[in-house]
Structure formats: C-alpha cells, structure tokens
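Enquirer: In case you want the letters, here they are:
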Amino acid sequence: MRKGMLWIIVALLLLAPVRAAAATEASIYLETIGGFAHNYLYMTYAYIGVTADAYAKEIYPASYVKRMMGDTVRTLDILARKLQTVQETNLEEEDRKAIEYIVETFGLLKEEAEALAALVESGDQTALDRYDQARKKARDHLKRVQQMK
Amino acid sequence: MKTRFLILALLAASLILNPSFCQATADKDSVYLETIGGFLGSHMYTTFAYIGVTADAYAKNVYTAAQVKKMMEHKAATIKDVIGNLKKIESLNLPEGDRRFLTSSLEVFDLLLVEAEALATLVSSSNQESLEKYDQAREQSWYKMKRLLQIK
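Going down the list, the sequences are from chains H and Y.
First residue of the first sequence? That's 1 in the working numbering, and the numbers climb one at a time after it.
First residue of the second sequence? That's 1 in the working numbering, and the numbers climb one at a time after it.
Hints are computed from structural coordinates only; laboratory data are not their basis.
Keep in mind that the hints are not guaranteed to be accurate.
Unchecked claim - Distance windows between CB atoms, simulated: (1) H:Ser63 - Y:Asn127: 15 to 25 Å; (2) H:Glu58 - Y:Pro95: 46 to 56 Å; (3) H:Asp132 - Y:Thr103: 21 to 31 Å; (4) Y:Gln128 - H:Lys136: 20 to 30 Å; (5) H:Arg81 - Y:Gly84: 36 to 46 Å.
To be verified - Short derived list, chain Y residues pointing at chain H, Cβ under 10 Å: (6) Lys28; (7) Gly38; (8) Ala49; (9) Thr64; (10) Glu73; (11) Val82; (12) Ile89; (13) Glu96; (14) Leu131; (15) Lys133; (16) Gln140; (17) Trp142.
Beta carbons: idealized from backbone N, C-alpha and C, even for Gly.
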C-alpha cells in the first residue's frame, strides 16, 4: 500500500513539469494562431480592396480577378475549418468566443470575395451593391475584432 | 502542404504514467500545429499577392506614393509580427521535419519583409537600387515559396 502511494507521488512529480511544459506550448500555439488569424483577416480585407481598385483601373482582366478571388474563397474555407477544429479542443470560453467571431468574419470576407468575383463577371449595379454591402459588413466586423485584441 | 506541422508525443515516462493525458495533449498539439501550418502557407501566399497587386496598382497611378508607403509600412510591421511568433515556436521542441519547414518559412517571410520595405522605399525615392532590391526579393521569395508550398 505504502509502495503504491510512493509510486503515485513519483508519478505526480514526474507529470507536473510535463503538464506545465505542455500548457506553455499550448499557449504559445494558441497565441500564434490568434496572431495569424488576426493578421490574416486584415490582410485579406486589404487584398480584396486593392484587387477591386486595380480591376476598376483595368489593370487586370475579369478572368484574372475571378481566379484571384476564387483562391481567396478556397483559402478562407480551409482556414475556417482549421479554426473550427481548434475550437473543438479544450479551450477557455474567451478563446472559444474569439475564434467563433474570427470564423464569422472569415465568412464575411468570403462573401466579399465572392461578390467581387460576381461583380467582375456581370458588371451590373446589383453585383456592385452586393459587393459594397459585403465590404461594409466585413469592415464593421473587423473593427470589433480590433477591439477584442 | 507536404510537411505536416506536427509535434512528437511528450516524454516517454509520462506516456507510461498517464497515457490518456499524453494522447489528449498530442492530439491537441497536432491540431494547433496543423492550423499554424495552414496559416503559414496562406499568409505567405496572400502577402506575396498583396504586395504585387499594390505595386501594379501604384505603377498605374491607382494610389499615391504616400498611400503605398503607408500600406507597405503596415505590411512590414505585420510580417515582423509573424516572424516574432514563428521564432517563439522555433524555440519549442519540434521534430526535424517541422523545424525545417519552419526555417524555410522564416526565410520566405524575411524576403517578403525585404520586398515590402523595398517597395516602400521605391515609391518614396524611385531610385534604381530600391527597384533592384524589390525585384530581387520578389523573385527569390516566389522561388522559395513555390518550392516550399509545392506550387505548380
């Protein structure tokens, strides 16, 4: 019995630094993911904006912009799925909510990229309105993300 | 992405002492590392594209030099932020394959930083040296990124 207790104590002592190291590593990973996600939101918003401006000045043809926005939509989809798997790990409520909000913003950026692709294809007023609305919605959301930082 | 950004299981001793804890930790770490890997590739690709589109737009007078300078200074600050985060991860106990991927990613981000800074200088000074620096960094970052992300 005594010997059993001793082994438990030894096991706990051995595990303590391992748990601490694991917790530190996990927090470094989560901080990195948060930093990446945050930067990626702003960069994608800026990237869609400069691409739209460049298209308006006829720097790129519609087919090129469509392809660029197609790539952006696919990337946002993949990253949103990755973030959802992170959300399924054992996170604190605050982190979970932050990721939820980021994923939501990814969805809005996706709408914006899709709207730009539709706009360069059709060039009509409805598509332009849809793009403007999507951009405004994404911008408003980004402002809130900034406040959450 | 071929290299799976994974971390090895924890100490063998802890595996024997508490297998369920280590299993959970290893799974969680692999989720985190795979997510970081996904962001790394997307981040470098979109950064490269963003700098290029901005340069093209500047060449066609879509933006003023002051606007591009501000955009690139902001971009450079973001890249520095990414590099700082990656260096923190580099200090962790990573398997060799992941470390190599990380080192190569850092090289690409260093070149993207040179590219963004060179574009900011170029629009302010229009000198030949900045143009060459920009072109060289762009070419090198594309070459390295293509190999790293296996872009066809």
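Enquirer: Each hint should be assessed against the structure and marked as holding or not.
Expert: Okay, the hints, checked on the actual structure:
1. H:Ser63 - Y:Asn127: 15 to 25 Å: violated, 35 Å
2. H:Glu58 - Y:Pro95: 46 to 56 Å: holds, 49 Å
3. H:Asp132 - Y:Thr103: 21 to 31 Å: violated, 43 Å
4. Y:Gln128 - H:Lys136: 20 to 30 Å: violated, 42 Å
5. H:Arg81 - Y:Gly84: 36 to 46 Å: violated, 26 Å
6. Lys28: holds, 5 Å
7. Gly38: Holds: closest Cβ of chain H sits about 5 Å from Gly38 of chain Y, inside 10 Å.
8. Ala49: holds, 6 Å
9. Thr64: violated, 12 Å
10. Glu73: Given a least distance of 13 Å, the restraint on Glu73 of chain Y is violated.
11. Val82: OK, holds: Val82 of chain Y within 10 Å of chain H, min 6 Å.
12. Ile89: holds, 6 Å
13. Glu96: violated, 17 Å
14. Leu131: violated, 19 Å
15. Lys133: violated, 21 Å
16. Gln140: violated, 21 Å
17. Trp142: Nearest chain H Cβ about 15 Å off; hint violated.
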